[in-house]
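Model the full structure from these sequences, guided by the hints.
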Amino acid sequence: DTGVSQDPRHKITKRGQNVTFRCDPISEHNRLYWYRQTLGQGPEFLTYFQNEAQLEKSRLLSDRFSAERPKGSFSTLEIQRTEQGDSAMYLCASSPGTADEQFFGPGTRLTVL
Amino acid sequence: GENVEQHPSTLSVQEGDSAVIKCTYSDSASNYFPWYKQELGKRPQLIIDIRSNVGEKKDQRIAVTLNKTAKHFSLHITETQPEDSAVYFCAASIEREKVTFGTGTKLQVIP
Chain A
0 DTGVSQDPRH KITKRGQNVT FRCDPISEHN RLYWYRQTLG QGPEFLTYFQ NEAQLEKSRL
60 LSDRFSAERP KGSFSTLEIQ RTEQGDSAMY LCASSPGTAD EQFFGPGTRL TVL
Chain B
104 GENVEQHPST LSVQEGDSAV IKCTYSDSAS NYFPWYKQEL GKRPQLIIDI RSNVGEKKDQ
164 RIAVTLNKTA KHFSLHITET QPEDSAVYFC AASIEREKVT FGTGTKLQVI P
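These protein sequence lines map, in sequence, to chains A and B. Read in order, the letters of the first sequence are residues 0 to 112 in our numbering. Read in order, the letters of the second sequence are residues 104 to 214 in our numbering.
If you're looking for bench data, these hints aren't it; they were derived computationally from the structure. Even for Gly, the Cβ is constructed at its ideal location relative to N, Cα and C. One thing to keep in mind: the hints can contain errors.
Claimed, not checked - Heads up, incomplete: computed chain B residues facing chain A, CB under 7 Å, no partners named:
(1) Arg146
(2) Phe192
(3) Lys201
(4) Gly205
Given below as structure tokens:
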């Protein structure tokens, strides 16, 4: 499968625990985006990278959230001290530098108990 | 920042009829307008997009129109089929930056 992949697909955690998600973009896509989607809503932008540089962060991304893309390939999104309000689907997307279209991964569904 | 509004939130049509979903955006700098289809439990998938230098684009049964002056854009699906049933999101973006999504339209095509 040459599409965007995300791991894990599901994560259940207890409030206060830290979680980390991984996204592998389509090969040679230099832009990588993170979104969060709650039930019945459209995806909301969190942050995006061009290669290893983080270019923009949403106000939604509190100091408990951190994202990295150390070598300009895969990316990780970490949530520290999870809260019940963090429960959502976390979607990753990638795009080539020469086109607008963003290709989405299957998402990681986070449930915070 | 950009704000995208989408109507209606739900839409039921008979198989074979047309469906229209309308969106407005606020930021005149937006120049790329994708439409995504999302089936239950699956990832959003791009079905059609339009850039600000084009007023209309068609791909088989799907068409999108853009009115830059009014900041309106619409999705038209003709000859609807049961497999068109899904949630549709309009969105707006500036030059490959973040995409701002609408709130979604749940389309039900009744056989």
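Now the hints, each set against the structure:
{"no.": "1", "hint": "Arg146", "result": "holds (4 Å)"}
{"no.": "2", "hint": "Phe192", "result": "holds (5 Å)"}
{"no.": "3", "hint": "Lys201", "result": "holds (4 Å)"}
{"no.": "4", "hint": "Gly205", "result": "holds (6 Å)"}
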